[in-house]
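Undergrad: This is what each chain is made of:
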Amino acid sequence: MERQDLFDALGSAMRGTTREAFLDGRVRAGRVKSRLLEAHPREQSRDGVSQLLARVADAAHLKLTSAGDDLWLLLGSDDVFFVDTLNRRFWLLHTTASVHNLQRLLRRHVLPEARLDQAWLSRQQLQELEGERCWVRSSFRSDTLEPRQSGRQVPRRWRIQVEGEDPDELLELVSQQARYRAGAALTAVGSILRGDGDSYAKVAADYQGGFVASGTDFHVVVGMLWRTLDRYERYVQQLEQMFRLGTAAADDLGLTVEGEVATIALPRRVEDLDSFVANLFTCKEPFRLWAVPREVAPGQWEANAVDLHVGDVIRLEITSEWIRVLLGSTTCGNTLARLVANLQHRFDARSVISNVAA
Amino acid sequence: MDDRLIPINGVIALLRGEGGWPRLLGDQGFRRDKLEVPLQTSLGPVRVDAVLYRKQPDLILLVEAKSGKNIDRKQATRYLSANAEWLRRVGALPAPLRRNPAVPVRTMFAGLEKHRAQLERALREFEIDAPLLTVGASRARLTGASCVPGLDDFDMQHKAGLPPARLPIDHQSQDDELRELVIPELIAAQAQDEDVVAVESLAARILPEWAVLSHSARRSFANRVSQLVRHLATHGMRGQFRYEPETGADMTGRIIIERTPATDDPRGRTRAWQAQQNRAGAALRRQRRHPTPGQLSLDDLAEAGGLADD
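From first to last, the protein sequence lines are chains A and B. Oh and the first sequence: position 1 is 1 in my numbering, straight run, nothing missing. Just add 1000 to wherever you are in the second sequence, counting from 1, and you've got my numbering.
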């Protein structure tokens, strides 16, 4: 199968038509869902990709088929999931399966796999998504990390969607209010992308690398997806280049140390640090951090943590005013990206790494 | 972080201004050249904790990081006898200063702020005229720099807490500190669904100075890690993994992962990892702090298996 055939089929599905002959009708009429994934095959090769996908397929009772040129099919009885692994580390998954079936595949078989993770787009990356903005969504829950807080200073939970002309402006206005600014996380955006002539696509994108597209032309969508993938890859690589710490024997004598410490200056003070720390390391989604933290100085905690998404060890040093993240020499940058994105949605929307451009 | 290593981590933080620490040494023009540099002097060998340097005025600063309250007189006098000629003889002269054969070499002692009084007393007692840097969770202080052209005293309160633990342990750290790093490595191996972990590779991952240790020191450290793993496998974390003694090329044995929560049903996986936290907490001799439950959401229920999610 050529990529062009796939994009044509997905374009037809978006337009509401099905091609029964194509994969026995598994590409159904309706919106196309895409997902940006990060993969760590044991080997950065076609075989490594194949083995990792085979594990997912086996677990999900799907049939893995190569469609050629690093494009793979996960075939179910009714659905097909296309996995584009042209970039061996950052994959794109496309399907017309129901949201329910896609979520089940992701939650049960893809994301629990230690060698696979999703993308975690920062606020800035979501803002940079191309297209004419139709709506923005903000979803925030501070009670994950601060369950005892009353909600008077920071919203405990909210979910809002702003639609209409320049919806970013209204969220920006909210974020300027002292009462609401901590909660004004950018969770998802809806945009219209214009192609040649009358062709267009409406695309919804969220901070966890999920995309849903409708309209007339999937080629418009796939261009946006690849550009988003490229930006995200650069972001993760930048995090790795800057913040992976290590030591090495110098050429002549002694030891050299490399990398920088990532510091997240918390935009507001943590009122109940003990509770914050305890709730950060519960092993639960969305942080999925394992640790047995200890207080090393009054008001300062350290945690030699394990990121259960990918099994990397990271060290966190935490006070009421900042979090330092010390990555290992091979720790995946996605681990840091996830922490930042989740702090924006669970602690304060303004949380960023002080010494990096998001 | 091993408390003994707070001073050297403080020096690194003051050079780079990282993790919220003031860049008090970096702003004076100092750069870090290398750590753990074996040096020879006219009085004998010394292992320098850090070699710093600056230009215009040119200066090399040898840092002796003190883990406690005392200063070893013999070691201190060796430090103080170091000069550019000896640094050049052993190839330890920082590259940017190699064209200056007369570059001054001075020693700075570094310790914990809480030990300052004792360290000052020891320097006076031994009639050592050298700068003393002390660091703590809220203060960084350098005194006695007036005798060193190119180095200025400072005294600053800060809110950056203890310095970032770039070097959390060294090969002399106590078992308790090693255990803090060994257990997460084992959990990481479980999370990655690994079958086998070589003790030597684990030891190399947790020990920053591994690359410059001698073969015998590596073996000695790896043996200590083996002992810790063996104890964990038969006590606090029994049933999770087992230790296999050395065979053939395995210098210090290997760890066989026997079970992992990573392969449990996703709906029970979180609880299995939390059980690992409890086991690890017991092995580390502290209780896991249980999170305060917030409002229960449908998502929480689904994850706990109380609500079908499909």
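Hint data in this document are derived by calculation from the structure and do not stem from the laboratory. Mixed in with the good hints there might be a few duds.
Subject to a maximum C-alpha distance of 20 Å in a straight line, what follows is the list of computed EDC-like cross-link-like pairs (lysine to aspartate or glutamate) [claimed, not checked]:
(1) K1034/B with D1155/B
(2) K1034/B with D168/A
(3) K1114/B with D168/A
(4) K202/A with E321/A
(5) K1159/B with E295/A
(6) K1159/B with D1072/B
(7) K1114/B with D1155/B
(8) K202/A with E165/A
(9) K1034/B with D251/A
(10) K1034/B with E1113/B
(11) K1159/B with D272/A
(12) K1055/B with D1152/B
(13) K1034/B with E260/A
(14) K1034/B with E258/A
(15) K1159/B with D274/A
(16) K1159/B with D1003/B
(17) K1159/B with E321/A
(18) K1034/B with E1209/B
(19) K1055/B with D1072/B
(20) K1159/B with E165/A
(21) K1055/B with D1153/B
(22) K1114/B with E1085/B
(23) K202/A with D168/A
(24) K1074/B with D1129/B
If you want the ones that stay clear, here's a sample from chain A, every Cβ over 12 Å from chain B, calculated [what the hints assert, rightly or not]:
(25) S77
(26) C134
(27) D252
(28) A262
(29) E295
Backbone N, C-alpha and C fix where the C-beta goes; we use that ideal spot for every residue, glycine too.
Undergrad: Indicate, hint by hint, whether the structure satisfies it.
TA: Evaluation of the provided hints:
{"no.": "1", "hint": "K1034/B with D1155/B", "result": "25 Å, violated"}
{"no.": "2", "hint": "K1034/B with D168/A", "result": "49 Å, violated"}
{"no.": "3", "hint": "K1114/B with D168/A", "result": "52 Å, violated"}
{"no.": "4", "hint": "K202/A with E321/A", "result": "41 Å, violated"}
{"no.": "5", "hint": "K1159/B with E295/A", "result": "16 Å, holds"}
{"no.": "6", "hint": "K1159/B with D1072/B", "result": "32 Å, violated"}
{"no.": "7", "hint": "K1114/B with D1155/B", "result": "14 Å, holds"}
{"no.": "8", "hint": "K202/A with E165/A", "result": "15 Å, holds"}
{"no.": "9", "hint": "K1034/B with D251/A", "result": "11 Å, holds"}
{"no.": "10", "hint": "K1034/B with E1113/B", "result": "24 Å, violated"}
{"no.": "11", "hint": "K1159/B with D272/A", "result": "18 Å, holds"}
{"no.": "12", "hint": "K1055/B with D1152/B", "result": "14 Å, holds"}
{"no.": "13", "hint": "K1034/B with E260/A", "result": "16 Å, holds"}
{"no.": "14", "hint": "K1034/B with E258/A", "result": "11 Å, holds"}
{"no.": "15", "hint": "K1159/B with D274/A", "result": "18 Å, holds"}
{"no.": "16", "hint": "K1159/B with D1003/B", "result": "18 Å, holds"}
{"no.": "17", "hint": "K1159/B with E321/A", "result": "9 Å, holds"}
{"no.": "18", "hint": "K1034/B with E1209/B", "result": "12 Å, holds"}
{"no.": "19", "hint": "K1055/B with D1072/B", "result": "30 Å, violated"}
{"no.": "20", "hint": "K1159/B with E165/A", "result": "44 Å, violated"}
{"no.": "21", "hint": "K1055/B with D1153/B", "result": "18 Å, holds"}
{"no.": "22", "hint": "K1114/B with E1085/B", "result": "36 Å, violated"}
{"no.": "23", "hint": "K202/A with D168/A", "result": "17 Å, holds"}
{"no.": "24", "hint": "K1074/B with D1129/B", "result": "15 Å, holds"}
{"no.": "25", "hint": "S77", "result": "16 Å, holds"}
{"no.": "26", "hint": "C134", "result": "27 Å, holds"}
{"no.": "27", "hint": "D252", "result": "5 Å, violated"}
{"no.": "28", "hint": "A262", "result": "9 Å, violated"}
{"no.": "29", "hint": "E295", "result": "10 Å, violated"}
Hint compliance for this structure: hints 1, 2, 3, 4, 6, 10, 19, 20, 22, 27, 28, 29 are broken, all remaining hints hold.
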